[in-house]
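Residues per chain are reported as follows:
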Amino acid sequence: MPDPNLFRLRVEYCKKGRLSMLSHLEIARALERAVRRADLPFAVSQGFSPHMKIAFGSALPVGVGSTCEIFDLQMTRYVAPEKALAALRAASVPDLMPHDCRYIGPRDAAASVVYPVASYQAELSFALEGGLPLPEEVHVVRKKKEKTLKVADYLVGQLATEGAMVTFELEAKPTGSLRPDVLLNACIDAFNATRPEVQEPLHIVSITRTTQRASR
Amino acid sequence: MRKMTDLWPRLEPLLRDAERPSRYLNHEFGCVRKQDADFAFCMVYPDTYELGQANQALRILVNVVNASENLCAERAFLPAPAFCDVMRREHLPLFSIESCAPLREFDAIGITLPHELAATNVLETLDLAGIPIRSEDRSENDPFVLGGGPCAYNPEPYAPFFDAISIGEGEEAVPEGLHLIRRMRQEGASRGDVLRALAREDGWYVPSLYRWRSEEEAQEAGSWIEPVEPGLPTVIRKRLFTRFAESNGWELCIVPYAECVHDRLNVEVLRGCARGCRFCQAGMMYRPVRERSADNIVESVLTGLAETGYDEVSLTSLSSTDHSQIADILTRLNKALDGKGVRISVPSQRLDSFGVDMAGLVAGQKKGGLTFAPEAGTQRLRDVINKNVTEDDLFGAIDAAFAAGWRRCKLYFMIGLPTETDDDIKGIASLAQRAYDRAKAAVPPEQRGSIRMSVSCALFVPKAQTPFQWDGQIAPEEAIRRVNLLRHSVKHKAVDVHWHDPETSFVEAVMSRGGREAARWVEAAWKRGARFDAWTECFDEQAWRDAADEAGIDPAVIAQTEYPVERVMPWTHISTGVSSRFLALERRRAQEGATTPDCTFGTCTGCGACPDLDSENMLAAVRMLSGSSASAAAPARGEE
Ligand code: SF4
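Line by line, the protein sequences give chains F and R.
1 is the number of the first residue of the first sequence in this note's numbering; add one for each residue after it.
1 is the number of the first residue of the second sequence in this note's numbering; add one for each residue after it.
Don't take every hint at face value.
[Stated by the list, open to error] With a straight-line cut-off of 16 Å between C-alpha atoms, the simulated EDC-like cross-links for lysine to aspartate or glutamate are:
(1) K16(F) with E28(R)
(2) K16(F) with E12(R)
(3) K150(F) with E169(F)
(4) K340(R) with D39(F)
(5) K16(F) with E123(F)
(6) K527(R) with D540(R)
(7) K493(R) with E550(R)
(8) K150(F) with E137(F)
(9) K150(F) with E136(F)
[What the hints assert, rightly or not] Label-pair restraints from in silico Cβ distances:
(10) G17(F) with G364(R): 36 to 46 Å
(11) P81(F) with E251(R): 33 to 43 Å
(12) H203(F) with A189(R): 44 to 54 Å
(13) V113(F) with E251(R): 51 to 61 Å
(14) V113(F) with R487(R): 33 to 43 Å
(15) E140(R) with L128(F): 49 to 59 Å
[What the hints assert, rightly or not] Negatives, chain R to chain F, calculated, CB over 10 Å:
(16) E12
(17) S22
(18) D107
(19) R343
(20) K493
(21) D496
Simulated from the structure, these hints should not be mistaken for laboratory data.
Please read all numbers here as calculations on a predicted model, not as lab measurements.
Using N, Cα and C, we set each Cβ at its ideal position, and we do this for glycine too.
Using the sequences and the hints given, assemble the complete structure.
See the structure below:
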């Protein structure tokens with residue numbers, strides 16, 4: 001068998017509609033099953049419990065959709081990218097549909113680290129006049145421990161509001177990352193706190209990851 | 001397609017805070033929404049999506065109904081307990097998965113009864129759906145509420161909650177029943193007239209058309225039910241799917257996103273088991289035994305894996321290593337799936353080295369744990385229960401398993417079996433410790449530290465339609481005494497004892513043996529908050545206790561009384577095909593310690609199922625005995 005490192009297929013797909021409510025683990029399982037249904041010549045690890053050699057991009061939180069997710073699949077032989085894509089599309093559901101396949105080099109960075117910077121677009125339940133307040137810090141609970149994250153460490157540029165649409169860019173650090181839904185909810189909490197209780201509180205309608213890129 | 005309300009816009013905002021929203025999403029790979037039908041049926045599993053999605057009855061019945069002209073089928077599950085409360089607060093009724101439509105807008109709903117602890121969840125389902133929980137309170141506009149599944153073999157504790165109950169295998173009976181309802185409704189028949197007609201169809205029981213007799217009347221008349229009008233059957237015989245063996249082992253199957261139990265390709269390789277364990281209901285109710293052929297099974301597995309993308313397949317049945325062609329099937333599958341990273345699992349009741357060889361064929365390098373079920377600790381008691389397994393069989397299996405690389409083994413036992421004494425309990429400890437010693441001897445010295453032998457016990461539950469239906473369950477306090485005796489008798493530190501809560505087993509016994517009066521108990525318990533009784537963290541013992549006072553019944557009498565075989569039991573009017581005479585004979589043999597062989601390995605032992613159902617065992621090839629049964633090869637007995 002030729003070295004499967006030679007055939008690393010990077011697949012780009014979307015996560016949308018109802019399926020944006022799936023967790024990272026659920027998505028991973030669904031993609032693996034799509035690859036099997038597509039009957040691609042995927043490589044299988046050796047050893048105790050053999051499994052498909054597939055690597056996923058950075059995790060998307062439950063409720064966050066995307067137009068630009070990636071996974072890498074190691075294959076045992078070359079299949080033309082357009083053929084692989086056609087087979088994958090025939091085996092996929094519309095809300096988790098692949099739209100691009102290409103080969104990457106044996107030394108290229110893995111899917112989980114190649115794109116630390118991602119931009120997001122969110123829709124809010126109503127249009128804002130003046131924009132969202134941006135807290136300096138966000139408190140998160142991770143593994144039962146409270147942690148304080150400095151927003152400036154993760155936010156690249158500004159949080160831009162236009163009507164009910166918000167766009168922003170976040171960068172993952174080797175030490176950790178700030179989830180887009182966590183940041184946005186912190187902003188919304190700060191906003192709701194400034195308003196009289198009788199008014200309908202603001203909430204998120206949807207969040208979508210729109211691009212991913214390497215650090216500059 | 002009938003127009004039904006779409007509840008999704010109301011459900012979606014609630015899912016933002018729900019635990020595991022993937023349970024409620026629909027849009028799974030393989031799910032079907034049939035358009036050209038004017039009669040809508042919803043199949044309900046009375047527990048959460050995770051527990052019910054892979055249920056075989058659900059898959060089979062949704063598929064057969066969707067394959068029927070004019071009918072369509074959807075699925076529904078109970079939400080997790082916390083989300084049930086959210087839905088009540090928001091006045092959101094229980095919905096189907098495919099159309100997110102309210103259950104009460106369907107023409108009929110079917111609720112499967114998978115085990116004895118699902119009764120309060122049936123009421124939770126109906127109430128959440130906004131359907132009156134009692135059949136008598138439903139109006140012309142409510143859906144028909146149909147029941148079925150393993151617990152329907154004693155339908156009485158559920159009787160008032162269902163309009164009709166399907167007895168036996170539903171592949172043919174369910175679409176037939178739905179066609180009848182559809183046709184009569186279109187002709188303008190009333191609900192009552194439809195039920196009167198359905199009660200005259202094979203395999204359908206309509207409880208409201210039968211008066212429940214008093215104990216005295218029932219014993220006198222030989223049956224607990226009295227038809228309220230002429231022309232109704234007095235015995236409802238189960239339906240048998242006679243085309244099982246030739247039917248395709250692969251059928252459409254939904255691939256869920258949420259992590260579910262048994263989330264894998266399940267291919268049913270055979271139906272029924274005639275080993276004849278005297279405590280086992282499944283062993284009586286699926287007779288005769290039917291095997292799909294090796295070609296059918298191998299083809300079905302390969303097609304199913306390609307269509308679903310699963311990386312695991314289970315060859316399901318009560319005991320798949322009993323299939324006459326199992327070695328051939330596993331060898332062919334291993335070859336075809338080599339290098340694909342697919343796991344194969346084979347549930348087995350077979351306690352001998354052949355069973356271990358088969359497990360070895362599919363385990364590859366990864367050898368997790370093996371489980372064996374000797375059920376009783378002494379040969380005397382194993383003969384009583386007709387578990388045709390000797391110590392040598394068990395030790396042979398242990399030698400083979402540990403030599404082949406397994407390091408963990410779990411042994412299942414029942415406590416409180418009829419005729420059990422303290423010696424039998426000590427026998428469990430002794431057997432487990434000697435099994436541990438055998439394991440040690442089969443393993444190289446440097447690896448002995450990793451050997452784990454565990455004993456898992458459950459309280460014996462006397463089941464309707466078995467030879468032990470007349471035997472009582474021991475009281476929970478006595479069960480605890482016996483378990484403590486077992487704990488003290490186990491001296492080896494490497495042998496640990498696990499124990500299943502006796503209170504839930506007590507409820508199971510009442511539900512298995514109770515008559516129609518037990519339904520009052522269920523209803524009172526549910527009104528006091530009992531639901532999800534099968535979840536240890538949800539089981540509310542107090543609710544059940546208080547409910548007994550309110551319902552005016554003594555559940556201990558129902559669970560624990562021992563009767564002579566002459567007593568007419570509350571399910572006498574339901575027939576599995578196995579005769580009462582055979583059950584009584586088996587009980588007598590149990591008391592004498594005499595065993596009865598498996599008819600699929602030899603000749604007929606006269607249970608009555610084949611002549612009664614006008615069928616026979618359908619094996620793909622001749623079955624060969626192994627282990628002690630092969631050498632002893634007891635002569636087969638006819639009906640005495
Ligand atoms: S009638 Fe005879 S052959 Fe048929 S299941 Fe019963 S014992 Fe077996």
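Which numbered hints does this structure break?
7, 13, 14, 16, 17, 19
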